[in-house]
Structure formats: structure tokens, C-alpha cells
Amino acid sequence: MRRILISILVLWGVASLVFLMIHLIPGDPVETMLSTSGASAELVESMRSQLGLDQPLHVQYIQFMGNALQGDLGRSIFSGTRVALLIRSQLPATLKLAGAGILISVILGMTLGLVAALNHNTWIDTVCVTLSVIGVSVPIFWLGLLLILVFAVNLQWLPATGEGTLKHILLPSLVLGFASSGSIARLLRGAMLDVMRQDYITTARSKGLREQAVILRHALRNALIPVVTMIGLQAGFLLGGTVVTEMVFSRRGMGQLMINAIIWKDFPVVQGAVLVVAVTYMLVNLLVDLSLGLIDPRIRYE
Amino acid sequence: MTKPVPSGRSTVREAASGRSLTMLALSQLSRNKGAMLGLLMFIVVLLSAVFAKQLARYDPVSIRPQDYLQPPTWKHLFGTDSFGRDVFSRTLYGGRISLRVGFLSVGVAALIGSLLGLIAGYLGGLIDGAIMRFIDMLMAFPGVLLALGIVALLGRGMDNVIIAVGISAIPGYARLVRGCTLSAREELYVLAARSVGCRHRRILFRHVLPNILGPIIVLSTVDVAWAILNAASLSFLGLGAQPPTPEWGAMLSVGRGLLREAPWQTVFPGLMIMMTVLSMNLLGDGLRDALDPRVYG
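Top line first, the protein sequences correspond to chains B and S. Taken in order, the first sequence gives residues 1 to 302; the numbers are from our numbering. Taken in order, the second sequence gives residues 1001 to 1297; the numbers are from our numbering.
If you're looking for bench data, these hints aren't it; they were derived computationally from the structure. Values in this document were obtained by computation on a predicted structure and should not be read as measured data. Even for Gly, the Cβ is constructed at its ideal location relative to N, Cα and C. Just so you know, not all the hints are guaranteed correct.
Unchecked claim - Label pairs and their calculated CB-CB ranges: (1) S:1191 / B:211: 34 to 40 Å; (2) B:31 / S:1123: 37 to 43 Å; (3) S:1211 / B:24: 32 to 38 Å; (4) B:295 / S:1133: 25 to 31 Å; (5) S:1196 / B:298: 55 to 61 Å; (6) S:1040 / B:57: 52 to 58 Å; (7) S:1031 / B:123: 17 to 23 Å; (8) S:1023 / B:131: 48 to 54 Å; (9) B:99 / S:1133: 26 to 32 Å; (10) S:1192 / B:31: 55 to 61 Å; (11) S:1031 / B:9: 46 to 52 Å; (12) S:1064 / B:291: 37 to 43 Å.
To be verified - In silico negatives: residues of chain S with every beta carbon more than 10 Å from chain B: (13) 1031; (14) 1111; (15) 1127; (16) 1214.
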């Protein structure tokens, strides 16, 4: 309960920061917004009143919060479409990509970390550790372009762009998954090495358990706690990473929406998109924290 | 990667023989193969950026239509782009931009973040609460999103990217330094300093700060890697360096359109980003191991 209360407080803070965004723009926000398209003084005036920017700050704040709570995030200043609708049409594509990315990163990261730890100080360990540090260091847009070059341009096995089928999501989710698997692998390797030195592992072995049971039931379950927290943090990296990945593979989604809105200075859209992605991130982490209690009964949130 | 851990006794002997903890950490670092590889790679990147003018055979921005899209040859090591510009020369100059962005943004972030962390951890109470709740809010924006939002406010351009990446790195330092300060505050030397009448400022900067410098250095090293990666991403998205600036991310963004015809335009600048980031990550890992107080007990 306390954990949920804190989340609500942070949520309120995030929404306030997003509200303040438009007021932190150096210069007049409306003139800045319309500067890319060139607008008459009348249009600037009408836009100002449409956005409610002619009202006192506290009135604007209450209005923004009230609207946001009802799912109303304003309208795009160019197309006039409701921001909530725009986001609703783009968010599923992004969530699907991020979800596929997490799946791959967990599978890949846990395999690398586990194999490395079980072969500590051998060449297998070195290979896994090298792969994971490359994963942390590789620019995802570059990896994406390289995979397109190899698998779409040269081998012509997979499509470079487009969406819909499993084939289309394979390359982008592989890019995202590999890039974020590095952190998971490194963490799991360290945690496993720590856990394997504990007394209860010796006990488990000495009572004659098979090595497989020792590793899976006794060691891995304990090493998993920091890893699950890390998966929550990686969700943030993945949500940011999808923005870049979507641009590389020309996929629909929040990335396209946000980048175009930033370039065209369509602030209501930027505000709405930033708010929704931050809320998504928070929900994921709330779920992760609550699921920790399932893995480790010692962790309880009152 | 094997890491020789000195036994407690030899550490004491080495310490007793007059070698400082810094020297011990450095000798530990020099035995770490990964860190040394990172250092070597970093020196290569650094030198190629510093001496870009001497090493580059062509001007990075002037257009040479007669050299349109040449594949890599001895004349053009990394080939040329669609304006006939030498990709090798542009890549060298790109290092200047990326290193500047990395060190500048992280330097400012480390300064501001550490200061906030020191104040929050040392003073505690209401000020601590206020600072840390603000930091929590910044941390609620995932990954590159905070930097993206700030660039949205300030407008496109490399200077704004530096500010954006810098601000989004602040929370890490504030949290780290606050944690370290909280435990350092309870140490005897702080009590001793206070009992001889030191002012808060002197205690903070002369006694607490030097003792928590290790973790700050480690975080800064890996953060430079992270900042370079983020700044390149923002440039790739068209929000940072604008053409014809020879910035790695921006070069990739242009090269992307000619991936089939001229892959060298994409391969080499990206390879440089990875090498730079990898070098800082390896170095950071090595420093973390070397400075880990557990090794020395």
C-alpha cells in the first residue's frame, strides 16, 4: 500500500513537471510553436486562448491536472486531433516492440549470465562477459542498421521495414533485446557468483541434491532478486530505446509521434507522449516491485 | 578475466611500506586486462580526436563532387559520402564533438549532482526530503526520454543536447553522493573535525568529499560512455548536430539512406561510437574493481 502511495506522489510530480514544460520554454511558447510554420498575430492570439495560456498559472495547472485525470491531454496544434487519440493509436505498437525486446533481453541476458557464472574463470566466461559488455556499449541505431545491412539487404532473409508479422518484429526486438541483455547478464553473473559461495549451497550439495537442483532451486532463485529489479530498470531503457529503434526500422509508434512532434514543436503532443511513457514506466516498476514479494517471501510491502 | 586479490597481510605490508591507497588502486587497475584494453582504446580515440587536423587528409566539410560515394581505398580509408567528403576525416573530427559532449555534460552533471547529494546527505531533514523527491521525479522519466523532453523545450542543436544529457545524468550523482555522505557523516573523522570547530563547508569539502571521491569517479567514467551514446542517439534522431557537422550520430543518420549503396558511411562512424563507449565502460569496470573497498577490507 505504501509503495502504491509513493507511486501516486511521484506520478503527481511527473505530471507537474510535464505541465511546467510548456512554461519553461525560453521565450513565448506559442510563438515558438508556430515559428516553424509561420503564423499571423491573430493565429498566435487564438492559439494562446485555445491552449488556455492567457489564464493565470494556477488556473492552468488545475485545468491541466483535471483534464489529464479524465484522459484528456489536449489537441495537436497542427492537426487538431486529440492527443489521447494519437497516443492510443501509437502506444500498442511501442508496447509490443518493448515487450518483445524485454522477452529477448531476459532470455539472452539470463543465459549469458548463468553460463558465465557456471563456467567462472574459463574461456566461456570470458566470451559471455565480452558479449555482455559489447551489449552495453553498442549504439542500438548502429546495430539496427548493421542487422538491416546483413539480413535485409545482403541475405534478404528478413524485411528491413514494415510491420504486422513476426518476421517484421524480429530484427527490431533483437536489437533492443541484445542491447539491454548486457546489464542483466552482468548482474546475474555477479549475483550467482556471490550466492554459490553461501553456506546453504554447500548444505544443499552435501545432502546429496543433484547439481541441477542446487543451481536452479537454491542458487538461481536467490540470485534472481537483484535481476528482477534490474529488469524493471531496463524497461526504462527499452522504452527510450524503442524511440530510436522505431526510427531505424521506420515503424509506427510513440517514437515517430514524439520525434515529429519535437521537430514541429507540437508541444501538446510532446507533453502527452512524455507523460504516457513515464506513467507506463512507473507501472512496470510498480509491478516489478510487487512481484519481488512472490520470488522472495521475506520482501513485503505494507 | 582473472583478478588477483592481494591477501590482507600483503596489503597491510604494502600500505605500511608507504604506498598510498591510490597507488594500490592504480596497481590493481594496471593488472586488470579489460581495463588496460579500455585505456588503450581510449588513448587511440583521444589522440585521433586531438590530432584530427594533422591526421585528416581532407577537409571534413568541404564538398568534392568528383569523389562522390567512393568505396574504402588507400586514398579514402573509410570511403566517401554522397558529397564526396572523406568519411575517415569526418570520423576523426567527429571524435572531438563526441568527447566534448561526453566530458562536458558529465562534468557539469557530476558537479551539480554531487553538490545536491552532499547537501541532502549532510543536512538531512526537510532539505534532504525536498531535494530527493525532486530527484525521484527526474528519475521517473525513463532512459533517453528526459533528455528528449529537454531538447524539445530548448530546441535542436548540439549545445542543447549537452545540457539535456547533462541534466538527465544529475540524479545518478545526487543519489550516489547522498548515500555515501550519509555513511561518511557518521565517521569518527567528521566528529573529530566538528569537535575542533570546523565549519560545515570545510567539513564537507575537505573531509567528506575526498573520502567519497572513488565512487564518483567510477560513476563518471561509465556515465561518459552513456552520455556519448545518448548524444549520438539524439543526433541520429535529427535533434542534435545538424549537417554538415561531422558528428558520428548525424553521419549515421545520413548514411542510413544509402545503406545499400554505401554501407561504409554507416559502418565506420558507428564502430567509432562503439569503441569509445566500450573503452569507457571497460575502464569504469576496472576502476570499480580497483576502488572497491571490500578488496582491501
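Problem - CB-CB spacing for residue 131 of chain B and residue 1023 of chain S relative to the 48 to 54 Å hint - result: Between residue 1023 of chain S and residue 131 of chain B, where Cβ atoms are some 34 Å apart, the hint is violated.
Problem - Beyond 10 Å from each Cβ of chain B, as asserted for residue 1031 of chain S - result: Residue 1031 of chain S clear of chain B: closest Cβ-Cβ about 15 Å, beyond 10 Å.
Handout entry: Separation of residue 1214 of chain S from chain B, once the least beta-carbon distance is taken, above 10 Å
Key = holds, 19 Å
Problem - Beyond 10 Å from each Cβ of chain B, as asserted for residue 1111 of chain S - result: holds, 21 Å
Problem - Separation of residue 1127 of chain S from chain B, once the least beta-carbon distance is taken, above 10 Å - result: holds, 17 Å
Problem - CB-CB spacing for residue 291 of chain B and residue 1064 of chain S relative to the 37 to 43 Å hint - result: violated, 59 Å
Problem - residue 1196 of chain S versus residue 298 of chain B beta-carbon gap, inside 55 to 61 Å or not - result: Roughly 44 Å apart at Cβ, these two residues miss the hinted range, so it is violated.
Exercise for the section: Please test the hint of 25 to 31 Å on the beta carbon pair from residue 295 of chain B and residue 1133 of chain S. Expected result: Once the Cβ atoms are compared, 29 Å apart, the range 25 to 31 Å for residue 1133 of chain S and residue 295 of chain B holds.
Exercise for the section: For the range 55 to 61 Å, tell me whether the beta carbons of residue 1192 of chain S and residue 31 of chain B fit it or not. Expected result: Since residue 1192 of chain S and residue 31 of chain B have Cβ atoms about 59 Å apart, the given range 55 to 61 Å holds.
Exercise for the section: Starting from the hint 52 to 58 Å, judge whether the C-beta atoms of residue 1040 of chain S and residue 57 of chain B obey it. Expected result: holds, 55 Å
Problem - Assessment of proposed distance window 17 to 23 Å (beta carbons of residue 1031 of chain S, residue 123 of chain B) - result: holds, 19 Å
Handout entry: Satisfaction of the hinted span 32 to 38 Å by the C-beta atoms belonging to residue 1211 of chain S and residue 24 of chain B
Key = Cβ of residue 1211 of chain S to Cβ of residue 24 of chain B: about 36 Å, so the range 32 to 38 Å holds.
Hint compliance for this structure: hints 1, 5, 8, 12 are broken, all remaining hints hold.
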